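Asker: Following the hints, put chain S in place on chain R, whose structure we already have.
Chains as they are written, first to last, in the working numbering: chain R, 7 to 236; chain S, 4 to 135.
Calculated directly from the structure, the hints in this document are not laboratory data.
All values reported here derive from a predicted model rather than from experimental measurement.
Among the clues, some could well be false.
Pairwise CB distance ranges (calculated) [stated by the list, open to error]:
#1 R/T69 <-> S/P31: 23 to 29 Å
#2 R/R72 <-> S/P31: 21 to 27 Å
#3 R/R140 <-> S/P31: 25 to 31 Å
#4 R/R72 <-> S/S119: 48 to 54 Å
#5 S/A123 <-> R/M51: 18 to 24 Å
#6 S/E131 <-> R/V14: 45 to 51 Å
#7 S/P31 <-> R/R21: 54 to 60 Å
#8 S/S26 <-> R/T17: 30 to 36 Å
Over the 10 Å line for every Cβ pair with chain R, so calculated as not near, a few chain S residues [stated by the list, open to error]:
#9 R5
#10 F6
#11 Q7
#12 R9
#13 I15
#14 Q60
#15 L71
#16 T80
#17 M97
#18 E105
#19 E120
#20 A123
Using N, Cα and C, we set each Cβ at its ideal position, and we do this for glycine too.
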Amino acid sequence: MSNSRVTVDATRIRRLITALSCASFDRFDSDAAVITPDETDDFGMLEGVLAMFIDELAVARATTERALGESEQARAELEERLRVIDAQRATISELSTPIIDVWDQILTMPIIGTIDTQRAAEISDRLLSTVAERGAEFVLLDLTGVAVLDTATASHIVRLTQGVRLLGAECILTGISPQVAQTLAMLGVDWRGTQTMRSLREALRYCLGKLRGNEIGEEDDDVRTPARRQ
Amino acid sequence: MRFQAREQACEIREDGTLAFTWSGIVDPADVSALFHQLRERLAGPKRNVLWDMTGLQLLPGETRRRLLDELLELRPTATAVVASEFFVRVPVTMLLEVVATEIAPKPEYGFFETESEATAWLSDRAREVVAP
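Excised from the complex, chain R in its bound form:
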């Protein structure tokens, strides 16, 4: 490039300004964004450099837009997966602690596995609203499926029984295994006021007896029938 002065027509300068302005607003497809360099003078080199700059800027912008689009799509897919996982978790939670209407005014809830704070809140929420809705008199919490009991799980169960009692129903724990009983004795959880029975069958017999206002004898078929189903 020579050091000589360059005289340029004002329209060429104006075209550059327009093209750069269009590029600054992402109007790369506009005809006004196209610079056609005049190769006969040094100003043409500036036009050529700016034309190439705008072309490369358009490609870079398109690449960025595509990446952003893909990222947005990936985020949407991830959100959808999380939504599905949440729904599945809720279903699993519901299935793992079913509330069974075992008899008139008698609900039973078999508890399986450990209970963390979140699960305890869900169980408590579901059980207490079911007790209130159905006007249950008795709730049998069956721990047959609980192999190991830690302090937190035990505390959650105690609170659950207290909640049931506050609603005016009687809560009975059943199916406590010898290992769980041993653990419970060592954990120091306050079980006062929590009624326990050896089996679900025994608890059911007790509840039916109370409902009928007398102790159920061994000969009462109405009591035996549901108990044998276990």
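Answerer: Below, chain S without anything else, positioned relative to chain R:
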């Protein structure tokens, strides 16, 4: 009739000119708010626009994009800008150049030192439109 969006203002003058006063750092939300108020009142033929930018500090990129959208909808016939600072004229030139490429017939624009010069130029443009 005068509209306001925080520091920014617009007045519809008797001759139909939309006289904007842009001050400080213009927020895109203020642009939208101002044009929203305007759209509810505007009807009829295309308008001349006067921009007083003597109190402008900054016209950020996002604000320019918002202004471009609004101006393409407004379709001004001519825009007179009162601004002497180079840093104001550059982004406004970029904006109005793009407006000119997307509206037909191509709207004119010009920069002026004073409002009276700008108003006189707009009057000339209006006369040319009425009697070409």
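Asker: Each hint should be assessed against the structure and marked as holding or not.
Answerer: Status of each hint after checking the structure:
| no. | hint | in the structure |
| --- | --- | --- |
| 1 | R/T69 <-> S/P31: 23 to 29 Å | holds (26 Å) |
| 2 | R/R72 <-> S/P31: 21 to 27 Å | holds (25 Å) |
| 3 | R/R140 <-> S/P31: 25 to 31 Å | violated (57 Å) |
| 4 | R/R72 <-> S/S119: 48 to 54 Å | holds (51 Å) |
| 5 | S/A123 <-> R/M51: 18 to 24 Å | violated (41 Å) |
| 6 | S/E131 <-> R/V14: 45 to 51 Å | violated (29 Å) |
| 7 | S/P31 <-> R/R21: 54 to 60 Å | violated (29 Å) |
| 8 | S/S26 <-> R/T17: 30 to 36 Å | holds (35 Å) |
| 9 | R5 | holds (30 Å) |
| 10 | F6 | holds (25 Å) |
| 11 | Q7 | holds (27 Å) |
| 12 | R9 | holds (25 Å) |
| 13 | I15 | holds (27 Å) |
| 14 | Q60 | holds (20 Å) |
| 15 | L71 | violated (6 Å) |
| 16 | T80 | holds (19 Å) |
| 17 | M97 | violated (4 Å) |
| 18 | E105 | violated (8 Å) |
| 19 | E120 | holds (21 Å) |
| 20 | A123 | holds (24 Å) |
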